[in-house]
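So the protein lines, in turn, are chains B and Y.
Note that my numbering gives residue 23 to position 14 of the first sequence, counting from 1, and the numbers run on in steps of one.
Note that my numbering gives residue 153 to position 112 of the second sequence, counting from 1, and the numbers run on in steps of one.
Because the hints were derived from the structure by calculation, they are not lab data.
Accuracy of the hints is not assured; some may be wrong.
What the hints assert, rightly or not - If the Cβ cut is set under 10 Å, some of the chain Y residues that face chain B in the computed set are:
#1 Ile-67
#2 Glu-85
#3 Asn-92
#4 Leu-96
#5 Glu-97
#6 Phe-106
#7 Phe-115
Keep in mind it's a predicted model, so treat the numbers as computed, not measured.
Where is the CB? At the ideal position from N, CA and C, for every residue including glycine.
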Amino acid sequence: AQTVTQSQPEMSVQEAETVTLSCTYDTSESDYYLFWYKQPPSRQMILVIRQEAYKQQNATENRFSVNFQKAAKSFSLKISDSQLGDAAMYFCALIRVGGADGLTFGKGTHLIIQP
Amino acid sequence: DTGVSQDPRHKITKRGQNVTFRCDPISEHNRLYWYRQTLGQGPEFLTYFQNEAQLEKSRLLSDRFSAERPKGSFSTLEIQRTEQGDSAMYLCASSAASGRSSYNEQFFGPGTRLTVL
C-alpha cells in the first residue's frame, strides 16, 4: 500500500514571497512518479509539477520547483514570487509506474496568499 | 471545449435513491479514472478503465457502486440506494495510454458534487 502525508493543513504567505509545502510518502515500489496538483476553489484539479523517481534532478516549472529526497521519501514544493492566483488547495500525489490503481493523494494544504 | 466534462455538476438526492453520473473524457484518451473526494480530504481512487475494460476497483467501491464505459468512450458511475456517507465530490480523469515504463498525465474534470439528504 502507498501513503502520502501532508502535515500542513494550511499555509499563508505574503504576495511575492516564497513558500514551501511539505509532503512525505511511503511506497515499496522502486519506480514511481510524484506530483503536485493545484485545486482552486470550485475549479478543477490541474497538474503543477511532476517528478520521476529515477531522476535525481529536481523538477522545475517556472516559479514552481521541488526538493525530492528519495531516501527520506520527501517531496516538497517551493513556490517563488507567490501570486494571488496561487491561492488554492495543493495536493501531493504518487503513482507507481505500470500501476492501474490510480493516484494516491495526500489530504492537501490550503495555501493563502496575503496581498 | 476539449477537456474532461462531467454531468451533472451538482446532484441532491434523498437517501435510498439511485443516482448516475456521466464523464466524457478527452477524445482519444483510452484511460479513464473515477475518484471520490470528501470534504477536507484528497481524492481517493475508485476505479479505472482502459478502453471499455474495467481493470481495477478499489475496496472503497462497495456493491452499491457500479461503473461502466461502453464502447470505450464516456463512462457512467451509478450509486444505488444512496446513503448520507456517499455525499462527496466525484471526480473523473482521463489519460492517454502509458508505456510500461512511462506515465501520461491524468486530466481531471470539474467533478459532480453529490449531496444525500
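Consistency of the hints with the structure:
no.: 1; hint: Ile-67; verdict: 13 Å, violated
no.: 2; hint: Glu-85; verdict: 7 Å, holds
no.: 3; hint: Asn-92; verdict: 13 Å, violated
no.: 4; hint: Leu-96; verdict: 5 Å, holds
no.: 5; hint: Glu-97; verdict: 4 Å, holds
no.: 6; hint: Phe-106; verdict: 15 Å, violated
no.: 7; hint: Phe-115; verdict: 17 Å, violated
Violated hints, in rising order: 1, 3, 6, 7; the structure is consistent with all others.
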